[in-house]
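*Asks:* Residue numbers (my numbering), protein chains in the order written: chain R, 1 to 322; chain B, 1001 to 1294; chain P, 2001 to 2327.
Derived by calculation from the structure, the hints in this document are not laboratory data. One or more of the hints may lead you astray.
Covered stretches of chain B, as calculated for chain R (at least 3 residues, CB under 8 Å) [what the hints assert, rightly or not]: (1) 1051 to 1057; (2) 1147 to 1159; (3) 1211 to 1223; (4) 1255 to 1263; (5) 1273 to 1285.
Straight-line Cα separation of at most 25 Å, BS3-like style, residue types lysine-lysine; simulated pairs [stated by the list, open to error]: (6) Lys2114/P - Lys2136/P; (7) Lys2096/P - Lys237/R; (8) Lys2301/P - Lys237/R; (9) Lys2131/P - Lys2155/P; (10) Lys2114/P - Lys2131/P; (11) Lys2155/P - Lys124/R; (12) Lys2088/P - Lys124/R.
Computed Cβ-Cβ distance ranges for the label pairs, DEER-style [what the hints assert, rightly or not]: (13) Ile310/R - Asp2192/P: 34 to 42 Å; (14) Arg1027/B - Gln2127/P: 52 to 60 Å; (15) Asp1285/B - Asn2283/P: 25 to 33 Å; (16) Arg1027/B - Leu156/R: 31 to 39 Å; (17) Ser85/R - Gly1152/B: 18 to 26 Å; (18) Leu156/R - Ala1063/B: 28 to 36 Å; (19) Leu161/R - Gly1152/B: 39 to 47 Å; (20) Val2193/P - Val319/R: 25 to 33 Å; (21) Gly78/R - Phe1048/B: 52 to 60 Å; (22) Ser2092/P - Glu1133/B: 28 to 36 Å.
This structure is a prediction, so every number in the text was calculated from the model and none was measured. Beta carbons: idealized from backbone N, C-alpha and C, even for Gly.
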Amino acid sequence: MNLRSYVAKRFLQAIPTIFVILALNFAIIHSVPGDPIIMLIGEFQTDEAYVQMMRARFGLDKPLHEQFLIYMLNVLQGDLGVSVSGKPVILAIAERIPNTLLLMLTGMCFGVVFGILAGVVSSKKVHSIIDNVITVGGIMVYSMPTFWLAQMLVLLFAINLRWLPSVGMTSLRVELTGIDYILDVAKHLILPSIALGVGQLALMMRLTRSSMLRVMREDYITTAKAKGLSENAVIYKHTLRNAMLPLVTVIGHQAGFMLSGAVLTEAVFSWPGMGRLLTQALSMRDYPVIMGILLVVSVTVVLANLITDILYAFLDPRVKYQ
Amino acid sequence: MNRSIQANKCKVDSKFKRFSEFWRRYRKNRPAIIGLIIVAFFTTVALFAPQIAPYDPFHIAVAQVFESPNSMFPMGSDALGRDVFSGVVYGARVSLLIGFSAALTSAIIGIIIGSVAGYLGGVMDALLMRITEIFQTIPAFFMALVLVTLFGSSVWNVIILLGLLSWPRTARLIRAEFLSLKEREFVEASRAVGASSAEIIFGEIMPNALAPVIVDASMEVGRAILIEAGLSFLGLGDLNQISWGMMLNNAQPYLRTAWWLAVFPGACIFILVLSLNLVGDGLNDAFNPRLKER
Amino acid sequence: MVTTTNAQLLSVQDLKTYFYTSYGIVKAVDGVSLEINKGEVVGIVGESGSGKSITALSIMRLVPSPPGKIVQGKIFYKGSDILSLSEKEMVSIRGKEISMVFQDPLTFLNPVLKVEDQIAEAITTHQGKTKNEAKKEVIEVLKMVRIPSPSEVAKSYPHQLSGGMRQRVLIAIAISCNPSILIADEPTTALDVTIQAQILELIKELRKELDTSMILITHDLGIVAEVCDRVYVMYAGKIVEHADVYRIFEDPLHPYTSGLLRSALSIDQFSKELYTLEGNVPNLVNPPSGCLFHPRCAYAKEICREKSPVLQIKGEHTVACWLYKET
């Protein structure tokens, strides 16, 4: 099967998964003790007319399977209910997503780039002191709670050394524009993205190292050496190129974990992203927002997996041309 | 009658021999031994918390708020004058209880589903694997956050939830083992001698399949502890129990003024999870001895 | 092609390559000496485990370095000892002066790079050409190895080609920079019989067209008969016999060589019983005492069990066997 049919097949596979996610969401909404309407507009809504209107909108007086259909249709049109604050859930989420994406992507880049570098160095000098230090460091980082690491970073860099800010995405009390604004955001971005990305770094380092060690033993690496290529050419053009392939899938599948980490990191740094929205919603029992975020996150993970698998198929010529 | 006693004795002897071989390999791995000792240490502390902790961790002492570590409060005191050290000691209970129970729960669920899928194969297998895939797609921590908020945050809820969220990994492992072992000769031989399916599953296949599961379960304890800490950090843990995550939550507003509130509980989480990961790695190496060349 | 004697290209002297494993020391190559002269095709024959591939890898200094190590020996190439060169100097020899064709074209080609990239690499590294110039060279080289539709093949990936084509690509990589010596390690073993014949033809033609000497490593005496000028027979890390190809076939001196010949010929001659050499290749960690072949030798004497025989000249052969005392 060639690339096009593989992509089509993966897309089709994603649909039932999303369907199941919607079903699960629906099931949760209806399995919580109490009136399901609170999951869609929140508790303590006193405006009876409003409540009735929402009831009708989500067809809550209809039989269950019809309700599910209505729910699905609403979701597909972007109607995820209304937050207790009165704002439609979808808007509340849409506001915050870019900030979280910024944080996640920065953290991901940081983790992936430095993780791969560390992994390559580690594999080049197997069993040396550097390798042991890097490997042990990786295990240690992997065992740290993200939020504690975030707090320690704040303690050291923001409080002790005062190099970097500890809170928020932008400096308060200042209105910056243009390049100053970007720099300000960048300054605020450093610590949170490190805290978030460090777990990725550890994972990437470990995977790169073992992948490199495996590929180094392959026969075609001997051919490359026999051609008279320099050590660096062999490592980067041949070994790394092949070692990276399985890593691509892992990076994509980490989306879910990154999102979880983002929630915790945003809590420590008061970063105005979706994670912060979630924690606020959790403490306020803003069920519509909670369920909305759950849905968005699940769908995002499915999409991330999909994109990753397609990207892998694109990169590995053995899949591309068959 | 004598024959079967002898046969059983042979079994026990060989099992003992295998175990001491295994232990010898494990022992060689120094970090793994250190990890084991630390885990044992924390377990002891948790078991004897009432004896070890000098104060009730919830005991409020308004006169002694925000004391930095000193002789009366070896790890300092918090905003309400509560002793951090006592909190840390009692916190070990929650972490270890939830960690081990959740890992056990997910292992049991995973073993059941994985063995059914692996042994039966066919449609059942395909169906169970799809379900497994879907469970694996949903980010565990998110689900945990939502479900805890909706269904309550008692310790038992958390244990069950974590168990429900982590079984896919175990199920996959067991299924893979079953698939590869199902066709091997000793299973054929057992069938030929007339062993029933149950005997084959539990007597032959299971013991071999358990090794990777045990390794994964030990890592799972660490993962469960981290998730539980995260939940508590966000204020969603069991509020009646003092837990390390909760302590870090309490520490958050006071990072500038009271560093000890964050450093000690977090360090405990870190060290405990690290030790569990070292033990897991050690178990992995002991189960799969690889030929190392000088 | 006229061969000038004393136009010696490569001289391997007393090469010893050992592997240090957790089982013990494996003496894969234990005191091997051989020579290649200009324009020759030299065969190294032996069963698997005889150390022939490791000898080749040692010449290229590609022995996997833990656990392997070249513990002793000199390899003279155009005047200098390869074993004393720095890695940087060695890199300019590999692929350019001495190159190697490997056995399994499936695993020895990089699956994610196009054929033309893999061949062009060698050219740009050693001949300082630009990528575009190199790509044109690639087509020429592919034509030399008789690949049909070279421009299509150049843009393909290894898994899209057949086994025979892949082997031709490996050969193309090896000859792309006009090496003085080409080492071919079992170049036909992994291929179907019909393709084997084709590759063999190719090797013979290349021998005529290029000014390259060859070391042909194989366990297949048929190939040796067709292509080689001289033959070294290896057993358990040592050379046991050496002569030119006609003499090896007409008058094999060492019992191992005659055993090999008999098992090969018995297939050809449809004899009633297939002749096989008894026993197995020795355990190289715990080798037998004395002559390493004696447990399998029909002519073994007392002295064979005690002392390892030395290579002696007997007429036009060199042989290491106690059957032939120095005259």
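*Asks:* Next, verify each hint and record whether it holds.
*Replies:* Comparing the hints with the structure gives:
1. 1051 to 1057: With 0 residues closer than 8 Å to chain R, the region 1051 to 1057 of chain B misses the three-residue bar; violated.
2. 1147 to 1159: Holds, because 4 residues of the region 1147 to 1159 of chain B bring their Cβ atoms closer than 8 Å to Cβ atoms of chain R.
3. 1211 to 1223: With 1 residues in contact (Cβ-Cβ under 8 Å with chain R), the coverage given for the region 1211 to 1223 of chain B is violated.
4. 1255 to 1263: It holds, with 5 qualifying residues against the three required.
5. 1273 to 1285: Coverage by chain R holds here, the residue count being 6 at a Cβ distance below 8 Å.
6. Lys2114/P - Lys2136/P: With a Cα-Cα distance of about 15 Å, the restraint between Lys2114/P and Lys2136/P holds, given a limit of 25 Å.
7. Lys2096/P - Lys237/R: holds (19 Å)
8. Lys2301/P - Lys237/R: violated (56 Å)
9. Lys2131/P - Lys2155/P: Holds, at roughly 14 Å.
10. Lys2114/P - Lys2131/P: holds (14 Å)
11. Lys2155/P - Lys124/R: It is violated: about 31 Å lies between the C-alpha atoms, which goes past 25 Å.
12. Lys2088/P - Lys124/R: holds (17 Å)
13. Ile310/R - Asp2192/P: 34 to 42 Å: holds (37 Å)
14. Arg1027/B - Gln2127/P: 52 to 60 Å: holds (57 Å)
15. Asp1285/B - Asn2283/P: 25 to 33 Å: With Cβ atoms ~28 Å apart, the hint holds.
16. Arg1027/B - Leu156/R: 31 to 39 Å: holds (38 Å)
17. Ser85/R - Gly1152/B: 18 to 26 Å: holds (25 Å)
18. Leu156/R - Ala1063/B: 28 to 36 Å: For Leu156/R and Ala1063/B the Cβ distance comes to about 31 Å; the hint holds.
19. Leu161/R - Gly1152/B: 39 to 47 Å: holds (42 Å)
20. Val2193/P - Val319/R: 25 to 33 Å: holds (32 Å)
21. Gly78/R - Phe1048/B: 52 to 60 Å: holds (56 Å)
22. Ser2092/P - Glu1133/B: 28 to 36 Å: violated (52 Å)
Hints 1, 3, 8, 11 and 22, counting from the list given before, are not met by this structure.
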